[in-house]
Amino acid sequence: AGRALIERGWARLETRPVARGAAASEATAPATHTTGAPPPPAPPTLTPEQTVAVAAINAATGFAAFVLQGATGSGKTEVYLRAVEQQLALGRRALLLVPEIGLTPQLLARFRERFAQPIAVLHSALGDTERLAAWREAHAGRAAILIGTRSAVFAPLPALGLIIVDEEHDSSFKQQEGGCRYSARDLAVLRARHAQVAVVLGSATPSFETLRNLEAGRYQRLTLPRRANQAAAPQLALIDLRAHPPRDGLAAPVLRAIERHLGTGGQALVYINRRGYAPTLLCTSCGWIAPCHACDARLTVHHGAARLRCHYCGADEPLPQRCPRCGYAVKPVGQGTERIEATLAGLFPAERLVRLDRDTARRPGELEQVMQAVLSGAARILVGTQMVTKGHHFPDVTLVAVLNADQGLFSTDFRAAERLAQTIIQVAGRAGRDARAGEVLIQTEYPDHPLLQSLLAGGYESFAASGLAERAAAHWPPFGRLALLRASATRPAAAFEFLEAARQAAGRPRDVRLLGPVAATMARRAGRHHAQLLVECPGRAPLQHFLAGWVVALDALPAARRVRWALDVDPLDTQ
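Numbering (my numbering), first residue to last: 74 to 648.
Treat the hints as calculated values from the structure; they're not laboratory data.
Note that the coordinates shown come from a computational prediction; the quantities given were computed from them, not determined experimentally.
Among the hints, a few may not be true.
To be verified - Quick list of the computed label-pair ranges, beta carbon to beta carbon:
no., residue 1, residue 2, range
1, 431, 360, 27 to 35 Å
2, 600, 629, 25 to 33 Å
3, 580, 445, 55 to 63 Å
4, 253, 360, 40 to 48 Å
5, 135, 613, 18 to 26 Å
6, 248, 631, 26 to 34 Å
7, 479, 118, 40 to 48 Å
8, 329, 128, 43 to 51 Å
9, 359, 321, 41 to 49 Å
10, 179, 552, 33 to 41 Å
As the list claims (entries may be wrong) - Result set (EDC-like, lysine to aspartate or glutamate): computed pairs, CA atoms no more than 16 Å apart in a straight line:
no., residue 1, residue 2
11, 247, 173
12, 247, 259
13, 404, 321
14, 247, 641
15, 247, 643
16, 247, 282
17, 247, 646
Beta carbons are placed, not taken as given, at the ideal position from N, Cα and C, and that holds for glycine.
Construct the entire structure; sequences and hints are all you get.
Next up, the structure:
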């Protein structure tokens, strides 16, 4: 139709820059300081440790990999700002990766306050037109700074001078679904090497892989051991649930602490990594539990919406009032963010409470509204999932309560302890970030567990040292390399037939061990049956050599046509 209009002379084809929508316009606009408006605040004075870190990054010529390991609130963002400032002065551009969309508004505000140059933002919450506009701004060199989530690592930036990966330990940097699986953190290091520029990996709790690279001398450590405003680190304490049985998920010492901190003008953050009202709907008469009919999972109760939902496949159905099997009354069992919110609202009716999880931040602007309510002090209690743990600066939060901390203590996933320790330290870092001291209370039924005791006694460094020693003894990453061949089919037999054929096709490779096939921890998801085959190897080079030939053989297997399969190198979990 368009070609016909052009041929008749009724239309003509022109190439113009894509008109930006409101969000893209804001994301790529330069910071403006109008006449008469107060000037931007002067940058803070750097601490000696910050000064050393900035000098080391700015002095780098060619490729250099730095690990900026700083306690939460120690001023890592200020180091980023000074390093970016140096690159802009040299006419170069900077790429900054963050693990979550929720971190972009606060970080964007800091950068726009400091720099007058255009800043582009890339993440999946933007519309197609907005993403295209930001991509073109970056490609044309009009954007001096690009801030984005993991896919932004592929964005074209001419005259790239610096790459920063904030919260580098976060698993969100790994793309685990779809046809292209990659680690944005590792790609950032690779891109910096190819571009011969510096890359900065920032975290208060570096991943074990990053710590291993430090030990091997491949990365250089820059340390910020204290908070930038000299505030004391928060005090961590364990609440023994055996001695203090919880009421609707909250132990009495935690409730007293919330009341005490609210009474002195502070804010409280309650962390539980489980959204919804309750994870289980139970019939107390016949024992029926609401199942997902497409997954080996239970449906989660969402009380406000009066729905049962599967958090794995998205199944959704009405919340029944009575057991469909025996007709007896049913009740929700366990706690999620929605139930904790309701409990606290009943106990502290005079205080405004907000909740931050995937259910409350679905639409554009909702996340910013929650953040603004906390930052302004209008909301005194914040309940949230892991969305509240990463990088947020809440100056008036003086108390953090960690609920359900035992969830990762006994997992079969070998990375579970590392993730739990990182989460506890990260969420604890939201407390006491201003002048007032912070307090962190961790509810547990296992107060003597070595992981918790190690964190309390020596912090993350002590835990990481013992954790790395265990990994080395077992030859698990980062001291060995893994690949996971995953297969799914409508019939369990088809998935296992493919994996058995894949194992036969591998032969007897040198320095490579194949384990399985076995069913996945959750064998049935979204109506498909999942199984996997694990590949172990002592080093990356022999693993890549093996995989290069094996992938070709896999694609040629007749059984491959009857399944969906994917090869995940360096998998984040092996369940």
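Cross-check of the supplied hints:
no.: 1; hint: 431 / 360: 27 to 35 Å; result: holds (30 Å)
no.: 2; hint: 600 / 629: 25 to 33 Å; result: holds (28 Å)
no.: 3; hint: 580 / 445: 55 to 63 Å; result: holds (60 Å)
no.: 4; hint: 253 / 360: 40 to 48 Å; result: holds (44 Å)
no.: 5; hint: 135 / 613: 18 to 26 Å; result: holds (23 Å)
no.: 6; hint: 248 / 631: 26 to 34 Å; result: holds (29 Å)
no.: 7; hint: 479 / 118: 40 to 48 Å; result: holds (43 Å)
no.: 8; hint: 329 / 128: 43 to 51 Å; result: holds (47 Å)
no.: 9; hint: 359 / 321: 41 to 49 Å; result: violated (25 Å)
no.: 10; hint: 179 / 552: 33 to 41 Å; result: holds (36 Å)
no.: 11; hint: 247 / 173; result: holds (12 Å)
no.: 12; hint: 247 / 259; result: holds (9 Å)
no.: 13; hint: 404 / 321; result: holds (13 Å)
no.: 14; hint: 247 / 641; result: holds (11 Å)
no.: 15; hint: 247 / 643; result: holds (10 Å)
no.: 16; hint: 247 / 282; result: holds (14 Å)
no.: 17; hint: 247 / 646; result: holds (11 Å)
Hint 9 from the list above is the single one not met by this structure.
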